[in-house]
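2 protein chains.
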Amino acid sequence: MTEPLRLGIAGLGTVGIGIVRIVQKHGALLETRAGRPIVISAVSARSRSKNRGVDLSGYAWEDDPVTLAQRPDVDVFIEVMGGHDGPAKHATEAAIKAGKDVVTANKALMAIHGQALAEMAEEAGLVIRFEAAVAGGIPVVKALTEGLAGNAITRVIGVMNGSCNYILTRMEDAGLSYDAVFDEANQLGYLEADPELDVGGIDAGHKLALLSAIAFATQVDFDAVELEGIGSITIEDIHQAADMGYKIKLLGVAQMTGRGLEQRMSPCLVPDTSPLGQLQGGTNMVVLEGDSVGQIVLRGPGAGEGPTASAVMGDVMDIARGARISTFGQPARTLRKARAARAAVAAPYYLRMLLLDKPGALAKVAHALGEAGISIDRMRQYDHHDITAPVLIVTHKTTRTALDAALADFKATGVVSGTPVAIRIEAV
Amino acid sequence: MTEPLRLGIAGLGTVGIGIVRIVQKHGALLETRAGRPIVISAVSARSRSKNRGVDLSGYAWEDDPVTLAQRPDVDVFIEVMGGHDGPAKHATEAAIKAGKDVVTANKALMAIHGQALAEMAEEAGLVIRFEAAVAGGIPVVKALTEGLAGNAITRVIGVMNGSCNYILTRMEDAGLSYDAVFDEANQLGYLEADPELDVGGIDAGHKLALLSAIAFATQVDFDAVELEGIGSITIEDIHQAADMGYKIKLLGVAQMTGRGLEQRMSPCLVPDTSPLGQLQGGTNMVVLEGDSVGQIVLRGPGAGEGPTASAVMGDVMDIARGARISTFGQPARTLRKARAARAAVAAPYYLRMLLLDKPGALAKVAHALGEAGISIDRMRQYDHHDITAPVLIVTHKTTRTALDAALADFKATGVVSGTPVAIRIEAV
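Going down the list, the protein sequences come from chains S and W. For the first sequence, our numbering begins at 82 and goes up steadily by one. For the second sequence, our numbering begins at 82 and goes up steadily by one.
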């Protein structure tokens, strides 16, 4: 196979331009590696007149990505527009109907419509690849789908949103509040137009749902991801966690339990000496655990023009070389619908609360925990602020259900002011 | 393609048995992922009667791996015997001549004969894959060859020998001498039958040479790797390095320079806060740097039954799925012979020496450095031992050539006792 592989690129934002740059700069290198030239036939974006700093004059222009997807001179449709409905979805479907392979960087599209799109593509003998949708430049989809294909995967863990990790590490380094660092990050352009996609864990939840599907041979089910953002994390929690040898991370965890598939994206404490604990700033890290391989840790840039374009090109090169792996590692029609297991796996928890200065207050809280079957590993009470005193408790392993029962009981004690903070401590 | 993929396994040591275990345990999972059954047709090893703890009765037995390689019921020849000449080489060649794809875990075979074997296989339309030969269970060959295929690779760095990393971290943790920890590791069975393969950097050098070939599109050239083992590292060096914020690692570095391809496997200082600096015990880590992706770090078990078998099965699954990538990422006949550049890239160095207690001794050493064009970043002189005083110098960036000139001059000063220790400080 020595004919050129012809790309149609829909979307000329950061990622689309990154892809154009790689194809223009590395034509010879790509051709030698793939055994055939990689060329761009056509591009599409909202504004044709915008100056994007690259020469697009050699490529056909399409205003409509659907028309681009249907062009006879396009072999691979590259979807880097974003958005889980509207043009991205329509154009991807049009590409499949027109017999094109698809490479996408769109985590929302794949997390929500991935099962249907993969079935549609596979029935037509086509592939959809989405390496760039998960953890930017880290080839984690490939590692999981191909490199570890001989393993039963036991757990996937990861820090998959660089903006959240930036915020949490910056809070600690500068001793700043969440709100102050959030504003700073927003001004620096580190956050999505809708910041809740980042700090609410939605973006990272999309990525986790995609990795879960591959790891556990289940239909991607973003709605089953237990989502909790980082907005409630205070600088006090970060300091207390540090005192005890932990870091707070927005951590994705997926594992198959006896009760079903557990998928969580939530703040967790991890040991500060672990690779995840040591992860600073905007970098991503994914930990893959398999029954034969043990633990593999992958670390790298989770976003940005170069890294994301690199991941797209990895997928393009696979297609150019004739490697046609199923989207989720096995035929989409063989993926099971997973039963969602919420909070199935027990863990120790970090609790922080304000106790009213009343006789026996601490005893009442300890009693509520005991009634819920939760034993205490460590407890500290700090100096009084006015009429309340901060109390910090680390429990032994407990289920979230038992913990929620205890937290409800705390209210009934009448000695807890406000809502206690509860953060899971994850073994990594 | 739904016919079974039939394996012939030559070598039933740890890795071979690990492969048998995966195929027996995960038959259904492998079949679903590959779209076809993965079966073992035949096995071969030195002793047929040895009890290996797995049931081999369903497989044909061959005393001779060459005969195994030629069996008509074998599609993929799996070479996990070891040794770069003799049976491993003969059987691999026989397999290719008989039209079989090859998967090998044999780093020495591939580092020494990889170019010839890859050319032979590719002329016949066959593939040789060697993921298990580099960094055990970490899918680094795949990441470099496929995931980062859109990048010009700028540097490959890694800790690729778990035994050496175990020795160095154990020396530091326990405050023990190299000899003491070496004996301990040897008794625990952590070292090769010929320990020089580990501590001399040869095993890790093989792995580096293989990654270099992929990264820089050059013919694998193990002889061009500058090799230096860890035998001269003292507990004093480890302590001094730690004082200054560094760890000592047996570090492989490959990069293309204006003067040619530099490949080094030698002890280096790396910042203790870097991922490489934080790597403890027998784990491996490879850092891949590309012009688009930036830096990717891969960490995982570098040896052992499960991890190595996992890597072999990753290659087998690729073949089963019809992914047929060139051994070194592009056709072997297109790989260039690289010019070897020794010590082309300048770096700061750590120097430790014993100065005789003579007036002006330190000045003479400083003068020798100055004459060689080397400036001093930091210098410490410690309390006298008898008639000598330990002196520690960190230089600014210099070439190895300039440093060697200074070290030669040190002798002429008559104030340096014994041979100074010089360890490169690598920016990671």
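Keep in mind the hints are simulated off the structure, nothing from the lab. Treat the numbers as computed from the prediction; the structure is a model and nothing was measured. Treat the hints with care, since some could be wrong.
Identical chains blur together in the list; that is why a pair holds if it fits in one copy or across any two.
Result set (DMTMM-like, lysine to aspartate or glutamate): computed pairs, CA atoms no more than 25 Å apart in a straight line [claimed, not checked]:
| hint | residue 1 | residue 2 |
| --- | --- | --- |
| 1 | K439 | E174 |
| 2 | K445 | D458 |
| 3 | K178 | E307 |
| 4 | K106 | E370 |
| 5 | K418 | E309 |
| 6 | K445 | E112 |
| 7 | K106 | D372 |
| 8 | K478 | D145 |
| 9 | K178 | E277 |
| 10 | K131 | E452 |
| 11 | K492 | D467 |
| 12 | K178 | E203 |
| 13 | K418 | E204 |
| 14 | K418 | E112 |
| 15 | K178 | D485 |
| 16 | K418 | E253 |
| 17 | K492 | E277 |
Right, here's what the structure says about each hint:
1. K439 / E174: The answer is neither: 64 Å in one copy and 83 Å across copies each exceed 25 Å.
2. K445 / D458: within (17 Å within a copy, 61 Å between copies)
3. K178 / E307: neither (34 Å within a copy, 55 Å between copies)
4. K106 / E370: between (37 Å within a copy, 17 Å between copies)
5. K418 / E309: within (23 Å within a copy, 54 Å between copies)
6. K445 / E112: For K445 and E112, neither the intra-copy (71 Å) nor the inter-copy (57 Å) Cα distance is at most 25 Å.
7. K106 / D372: Answer is between: at 11 Å across copies they meet the 25 Å cutoff, but 41 Å inside does not.
8. K478 / D145: neither (55 Å within a copy, 54 Å between copies)
9. K178 / E277: neither (34 Å within a copy, 60 Å between copies)
10. K131 / E452: Classified as neither: same-chain Cα gap 65 Å, cross-chain 57 Å, threshold 25 Å.
11. K492 / D467: Only inside one copy: K492 and D467 sit 20 Å apart there, 72 Å across copies, limit 25 Å.
12. K178 / E203: This pair counts as within: shortest intra-copy Cα distance 11 Å, inter-copy 36 Å.
13. K418 / E204: within (19 Å within a copy, 45 Å between copies)
14. K418 / E112: between (41 Å within a copy, 20 Å between copies)
15. K178 / D485: neither (49 Å within a copy, 66 Å between copies)
16. K418 / E253: neither (40 Å within a copy, 50 Å between copies)
17. K492 / E277: The answer is neither: 29 Å in one copy and 66 Å across copies each exceed 25 Å.
Figure legend: structure checked against the earlier numbered hints; hints not met, in rising order: 1, 3, 6, 8, 9, 10, 15, 16 and 17.
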